[in-house]
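Participant: The chain contents come next:
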Amino acid sequence: MVTCLADVFYPEVGEKIVRLLRGLGVTVQFPAGQTCCGLPLFNSGYHAGAAAVARRTIALFGDAEQVVVPSGSCAWMVKHEYPGLMTDPADRTAAERLAGRTHELSQFLVKRLGRRRFRSAVGGRLTYHDSCHLLRGLHESESPRALLRDLAGSEFVELPGSDECCGFGGSFSVRLPEVSTAILDKKLASVEATGADAVVACDAGCLMQMRGGLSRRGSRVRALHLAEVLTPEETPR
Amino acid sequence: MSEPEPATPFRERAGQALRDTFLQEALTIATTKFIGLRREAFAEFPEGEALRDRAREIKEATLQRLDHYLDLLIDNVERHGGHVHYATTSEEARRIVLDIARRTGARTAVKSKSMATEEIHLNDALEAAGVTPIETDLGEYIIQLAHERPSHIIAPAIHKTKGQVAELFARELKRETVPDPEVLTRIAREELREKFLQADLGISGANFGVADTGTIVLVTNEGNGRMVTSLPRVHVAVMGVEKVIPSMTDLAVFLAILAKSATGQKLSVYTSLVNGPRRGGELEGPEEFHLVLLDNGRIRQIAGPLREALSCLRCGACLNVCPVYRQIGGHAYGYTYPGPIGILLTAMLNGTESVKDLAHASSLCGACLEACPVRIDIPRMLIELRKDVNERRIAPWSERVVFGALGRLLQHPALYRVAARLGRLLQRPFVRGEVIRRVPLVFGDWTRTRDLPPVAARTFQERWAELERPGRR
Amino acid sequence: MTTKAEFFDRIRAEMGRTRDLAPVAPSVRPARPRERLDVLRRELSERWRENLQRFQHEFERVGGVFHRVADVGEAPEAIARIASERGLRRIVAWHAGALGVDVVAPLTAKGLEAVAAPDAEVAGDERERRRALAAAADLGVTGADLAVAETGSLVVVSGAGRPRSASLLPACHVAIFDREVLVESLVQAGLVLEAWHDGAAPPGRGASINVITGPSRTADIELTLTRGVHGPREVHAVFVEQGLASRRV
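Protein chains in written order, with numbering that gives the first Met the number 0: chain A, 0 to 236; chain B, 0 to 472; chain C, 0 to 248.
Because the hints were derived from the structure by calculation, they are not lab data. Errors might be hidden in some of the hints.
As the list claims (entries may be wrong) - Once the Cα atoms are required to be at most 30 Å apart in a straight line, the calculated DSSO-like pairs of lysine-lysine come out as:
#1 B/Lys161 <-> A/Lys185
#2 B/Lys32 <-> B/Lys161
#3 B/Lys161 <-> B/Lys194
#4 B/Lys194 <-> A/Lys185
#5 A/Lys185 <-> B/Lys32
#6 B/Lys173 <-> B/Lys161
#7 B/Lys194 <-> B/Lys173
Claimed, not checked - Listed next, the stretches of chain B that the computed footprint assigns to chain A, with coverage defined by at least 3 CB atoms under 8 Å from CB atoms of chain A:
#8 412–420
#9 450–456
Stated by the list, open to error - Quick list of simulated restraints, FRET-style, between CB atoms:
#10 A/Pro30 <-> B/Glu352: 40 to 48 Å
#11 A/Gly61 <-> B/Leu466: 18 to 26 Å
#12 A/His138 <-> B/Glu43: 20 to 28 Å
#13 A/Leu112 <-> C/Glu59: 50 to 58 Å
#14 A/Pro30 <-> B/Arg447: 33 to 41 Å
#15 C/Ser44 <-> A/Gly194: 53 to 61 Å
#16 C/Val23 <-> B/Asp179: 47 to 55 Å
#17 B/Arg185 <-> C/Arg33: 41 to 49 Å
#18 A/Pro30 <-> B/Val430: 29 to 37 Å
#19 A/Phe29 <-> C/Val23: 41 to 49 Å
#20 A/Ala47 <-> C/His56: 42 to 50 Å
#21 B/Arg447 <-> C/Met0: 27 to 35 Å
#22 B/Glu369 <-> C/Glu59: 41 to 49 Å
#23 B/Arg102 <-> C/Glu120: 30 to 38 Å
Built from N, CA and C at the ideal position, the CB exists for glycine as well.
Just need the whole structure built from these sequences, with the hints factored in.
Facilitator: Structure below.
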């Protein structure tokens, strides 16, 4: 599942994931006609619309063995909210099936494939931001860290306040842009204080927010998706 | 509507708060400290997680038999010689307290910290009736002198610097002083000691009402709770109906997690159990005890979407971790209860209309749910409120049109693809290198402070054909 | 004005509208709390030394000052020492029967002004006079009906001869206690509270129970901790090894 943000704004992230997975011997399919998981509609309280989009997505991925998602928030939407949005019992069963087979990227790599050692595509020092839905929704903080710590060719340092929101929150970022930016400034100050060359995240929304702020302030620090730092060749140690 | 609507829109109030550098610094220091204290307290307390689950269950169990437990509480309070009153609205609650004050002949009333009395705007009513209310919790005392409302559920004057407090004391109490918290505290102690000893009426809230024994429980740190419930001739406790709990055994569960969640203390300094008016042989204690049971929108939520919010212990933990609260503080919310739970409580007391903007004052990060001692799923209820705002057409028409269009677009891949291509076309004049620095309309607010990525030259779906080519690895 | 019936009608109507609630139960309570408490006390008496140590540790952690005396005769001396170190002179105390020791005579003998609470109901103006004494006092002496090791808390029950003010108005509070009142945890304190409220209250017991965990404090001004806001600035606990013969609640 590419997700709308990655599809439209960060297609290179999608590409890198495909190459990465193929490099690990995974056959990658891509059901055509994907749009969005429906989270923006859901979070803003447009649940009829969200349910319609969800139903469509469930049908689209009906045959998939496993579904990999580059964003923690989208993976959360599918796993946690899809079943509840379905009123029809058959739809609900299908939603639950999909939920059970859906994984955020780092979870898929570490927990499903058991792979955690990769070569880094970027040198220098990396730090990690815990996206809210991945951390608190999917209870996942270890898999991305395992991958980043074991990366050959780069150094990992913890980000103080890594579990604090970046201020994106979907439409929140444009409904309350001043508050969103104040929260972001706090996050970026922490990032810059680590001396890292890049902050890594597993969510396109967080990336859009952090990258947008870093670029505006002319920072040398980059905001990268996890897929952008992992190269497909697994490194034996 | 229980509370008046604020005069300025939320976004404006938030903006003001963001520009207030004193406030920004105070909020950062205070919330960071509280977060650390709470974390340490629970780190040393491995049973904490199981107790939080238990606490949530006890609250739910109580709601499932609320009539039974309230009835039991009332019987026991009356058995102790207390009087129980029933207030459906905040107006009625005020009238009940004023009647008691009038019958008592009270001229002053000392108050210990009570969000319930803030919620019903009791102080204004008392003053209008010629009874001087005196807040005795130091933070509340400070804001009362400053004619402000509390900005945090447990630390009401968190937004004030010691310099501001010193100036306030100099101005209002006519006491020259220095910006030293020790000295300022001493002044408050002296000023208020006299008031405690002279007051005719003591007004408190209640953290818990133990049904099995008819006991009202107050959790405080300063001693004012004890003074207010022991020195004046008449004691009135205003308690939301949801504060009832079944037994003392249940009380021990809540006490184990409440102070830890609020301030990181194992217990607050004073946990005061009040079993009605004074008994024969006691030197102190009120002659009369009154319990005012407050509805004010709570009862409707027993079967309502905000039912879970009835479990709130008013500890303030969610405020301390909320990225929005941490940036804007309590006053910007514009109602009695700020922060994540405050949005839900405001909706409970004043209706959905009152939170049409506040329901969106959240990035849905979930830190509140994580911190809540009784695991209230605040983000879920915020989304429900947003849904309610849309369904009642309280949300602006333009927004509903946009989201309606978005919904349709996302169901039709052809439309979605067209939209992407259209975006690519329309963005051309705005793309500078690899980013967009300024766009008009909706995303203009984003680009005032952040760059936007442009729509990619080819979306992932447009590239897939190449990626998929057979034999390609 | 809303009547009780109207209030409950609304509550029941709303309760009737709830759907699909998974049943949950509140805490399981002891069927015979007083018996359970007796059993608990016997068990605790074996472990009192460890519990005392834990109590002392937690009590000091919240700012309490811990003292230990061998027998009840030494308790007034400990109080006198606390008073003289701080230049305190006026003392109000619980009645000797509630304390398990007469402190007034020995303290008066040392030149301090000590007064104990009467043990029975007194007239209104006498109550006023006593209140003024308490308000003017520098030090208040009470017993402790419970000492909770987990939190370093002292629990005081009010009643005849046990005025609330003694642990509240003077700037210094001294509580005398022995091993009988030690419990380990809040859970056990919950059992004690169940037991105390099981059946009719004994004559002379008052309407107020306070769990006191350290001296009065606030951090309301810039989160700077200050002590002695309204309640005592200092809390002392004097442990009497040989025990006290105080009237129980």
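Participant: Now look at each hint and say whether the structure bears it out.
Facilitator: Hint-by-hint comparison with the structure:
no., hint, verdict
1, B/Lys161 <-> A/Lys185, "holds, 25 Å"
2, B/Lys32 <-> B/Lys161, "holds, 17 Å"
3, B/Lys161 <-> B/Lys194, "holds, 23 Å"
4, B/Lys194 <-> A/Lys185, "violated, 44 Å"
5, A/Lys185 <-> B/Lys32, "holds, 16 Å"
6, B/Lys173 <-> B/Lys161, "holds, 17 Å"
7, B/Lys194 <-> B/Lys173, "holds, 17 Å"
8, 412–420, "holds (count 3)"
9, 450–456, "holds (count 6)"
10, A/Pro30 <-> B/Glu352: 40 to 48 Å, "holds, 42 Å"
11, A/Gly61 <-> B/Leu466: 18 to 26 Å, "holds, 22 Å"
12, A/His138 <-> B/Glu43: 20 to 28 Å, "holds, 23 Å"
13, A/Leu112 <-> C/Glu59: 50 to 58 Å, "holds, 54 Å"
14, A/Pro30 <-> B/Arg447: 33 to 41 Å, "holds, 38 Å"
15, C/Ser44 <-> A/Gly194: 53 to 61 Å, "holds, 59 Å"
16, C/Val23 <-> B/Asp179: 47 to 55 Å, "holds, 50 Å"
17, B/Arg185 <-> C/Arg33: 41 to 49 Å, "holds, 45 Å"
18, A/Pro30 <-> B/Val430: 29 to 37 Å, "holds, 31 Å"
19, A/Phe29 <-> C/Val23: 41 to 49 Å, "holds, 45 Å"
20, A/Ala47 <-> C/His56: 42 to 50 Å, "violated, 59 Å"
21, B/Arg447 <-> C/Met0: 27 to 35 Å, "violated, 54 Å"
22, B/Glu369 <-> C/Glu59: 41 to 49 Å, "violated, 32 Å"
23, B/Arg102 <-> C/Glu120: 30 to 38 Å, "violated, 24 Å"
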